[in-house]
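Following the hints, position chain B against chain A.
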Amino acid sequence: MNQDPWTDRVSAYADDDMEAAERAALEAHLRTCAACRGVLADVRALREAATALENPPPSRDLWPGIAARIREDGARVLPFEPRRTRWTAPRLAAAALAIVALGSAGLWLTRAAGPGPAAPGTPGTQVVLTAALPAVGEQDYEVALERLERTLDARREGLDPATVRVIDQSMAIIDAALADAERALERDPGSAYLNRHYDATMRKKIDLMRRAADATRAVS
Amino acid sequence: MGDGPLVSTLSTAAEPTAAELDRVDVARAAAGDMAAFERVYRRHAGRIHGLVRRMMGPAEADDVTQEIFVRAWRKLELFRGEAAFSTWLHRLAVNVILARRQQAVRHHERFGAEKPPPGRRPGRRDTTGLRMDLEAAMARLPEGARRIFVLHDVEGYTHEEIGQLLDVAPGTSKSQLHRARMTLRDYLT
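Taken in order, these protein sequences are the chains called A and B. Using this note's numbering, the letters of the first sequence map in sequence onto residues 395 to 614. Using this note's numbering, the letters of the second sequence map in sequence onto residues 25 to 213.
If we strip away everything but chain B, and leave its shape as in the complex, we get:
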């Protein structure tokens, strides 16, 4: 009968959501509690590390992930709770990643698309196979296309948001996304 919703309510009450845990731990961390901040780190490390790895490659992923969390600690008091903490942290991560890339570009004078390194072409989809191959294929995308694909298709940003983050027109984001998808399709077939 009606015990489904009741059970669901009780289990919700017993098991705080990640957002609720974040609220408590972020407030404690903002007051200087490092143990609370470690819990925040452990809840979000996977997603942030994944974002960094996909946008920058595996070589820098650990270092940049650490930098993101150190910066988050420094800026915690700026978090007003208007958005979910995960959203705030994600934005901060994207900004750190983009700043790192700009530094690298300035220092190494590397612009534009990188040629995909030679390698195997992953075999065509069946869903799990496609997921595994997609990671490898994304890594081969030119940097600009990869960033937009990761932000849009993996992370769910809109073209308007990407335009603001990357300082490009939304139309540019759309056309780059299409190009990225067609390139991935090519890699994966």
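One chain only, chain A, in its complex shape:
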């Protein structure tokens, strides 16, 4: 065991973490103490070796497990937040207008792809909220939304007011549910149930907007 009191200061010296006076004193000591010079050389070699350590990729591919956990985590909240903040009132209005552009909300929501006539009295709001939800490609959604906004800027005139009302009601119901879920999540952000509920509601909204985008493409 080295009892030299300077030995304990060698690390600080090697890290350049020392006041000038102490540094000068240690340097004077180093000139006469081979043991401390040896410790200093070893500390420097250790530091050099530590910074040169390599980081090979894991021996097995961990991505499939990560991807699976992310997908399982489908009810996650945080990744959806940027989209949540982008859905401003003008965008929601644009989405409503997109649906209106079809002439009848009841028609496009109750008909898969068939060419049948519109059913003017169809309660569009309920259909929106109970429709089976296809998988929503999130990037597709973003693209569709952008396209939707552009297209409908030119279509505001001549829309059916009854359809506007139906769509507005649908959006209002979904937005109210989202607002409730957000308030609840602020109180209990870790709740799996609330996260799932929020996510499911958000997906309904995504679906509504996506259908609007698809429908807009169909009539343009």
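A few of these clues could be false.
[As the list claims (entries may be wrong)] Between beta-carbon pairs, the in silico distance windows are:
1) A/Arg577 to B/Arg104: 40 to 48 Å
2) B/Gln188 to A/Arg417: 36 to 44 Å
3) A/Glu442 to B/Leu102: 29 to 37 Å
[To be verified] Each computed EDC-like pair below joins lysine to aspartate or glutamate, with the alpha-carbon atoms no more than 20 Å apart:
4) B/Lys99 to A/Glu580
5) B/Lys198 to A/Glu442
6) B/Lys198 to A/Glu413
7) B/Lys99 to B/Asp57
8) B/Lys198 to A/Asp409
9) B/Lys99 to A/Glu413
10) B/Lys99 to A/Asp409
11) B/Lys198 to B/Glu184
12) B/Lys198 to A/Asp411
13) B/Lys99 to A/Asp467
[Unchecked claim] Sample of chain A residues facing chain B (criterion: CB under 7 Å; computed from the structure):
14) Leu420
15) Leu434
16) Val437
17) Leu440
18) Ala444
19) Pro451
20) Gly459
21) Glu466
22) Leu579
Keep in mind the hints are simulated off the structure, nothing from the lab. Note that this is a predicted model, so its numbers are computed, not measured. Cβ coordinates follow ideal geometry from the N, Cα and C atoms, glycine included.
This is chain B only, laid out in the frame that chain A set:
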């Protein structure tokens, strides 16, 4: 003449840096693009896995690395781009590792230094040999000393940063680091 800098500029323009690739892919991943996040994972997996392996040992390295990337996905929208993404991810990784260790301590009531397991003493340095032996020697360090050595000497954190991460005084970090270095020196000679 002056074509060195020009060539260098052109090659820089043709070959985006990892930080530039991160900027694009992180933005896409934050919008839900898993393919972009997979590219982020592949760029950073080695360093994060290495950090976990050195701080926690090989047995938990795969599982904890996966957890770190899952958490990163969940928190991507919190990344503001004020620091490099690699720095942000690294901090998140350290926090996950420390939280895991705290859980383990609570559950197993294991505190303080662990005795280095018996084994060979790696031979003394020549640079590549020292690097290879250093991995083995670090694994034998007591946990507290190992964490500080890895954070300071391998990962480049300052004592102040380590103090914040580990909730210890910077002076404690310095003395632990010195102890870790002296122990490693002992193992490696």
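Here is how each hint holds up against the structure:
no., hint, result
1, A/Arg577 to B/Arg104: 40 to 48 Å, "25 Å, violated"
2, B/Gln188 to A/Arg417: 36 to 44 Å, "27 Å, violated"
3, A/Glu442 to B/Leu102: 29 to 37 Å, "36 Å, holds"
4, B/Lys99 to A/Glu580, "16 Å, holds"
5, B/Lys198 to A/Glu442, "18 Å, holds"
6, B/Lys198 to A/Glu413, "15 Å, holds"
7, B/Lys99 to B/Asp57, "14 Å, holds"
8, B/Lys198 to A/Asp409, "10 Å, holds"
9, B/Lys99 to A/Glu413, "42 Å, violated"
10, B/Lys99 to A/Asp409, "35 Å, violated"
11, B/Lys198 to B/Glu184, "10 Å, holds"
12, B/Lys198 to A/Asp411, "10 Å, holds"
13, B/Lys99 to A/Asp467, "13 Å, holds"
14, Leu420, "14 Å, violated"
15, Leu434, "11 Å, violated"
16, Val437, "5 Å, holds"
17, Leu440, "6 Å, holds"
18, Ala444, "4 Å, holds"
19, Pro451, "5 Å, holds"
20, Gly459, "5 Å, holds"
21, Glu466, "9 Å, violated"
22, Leu579, "14 Å, violated"
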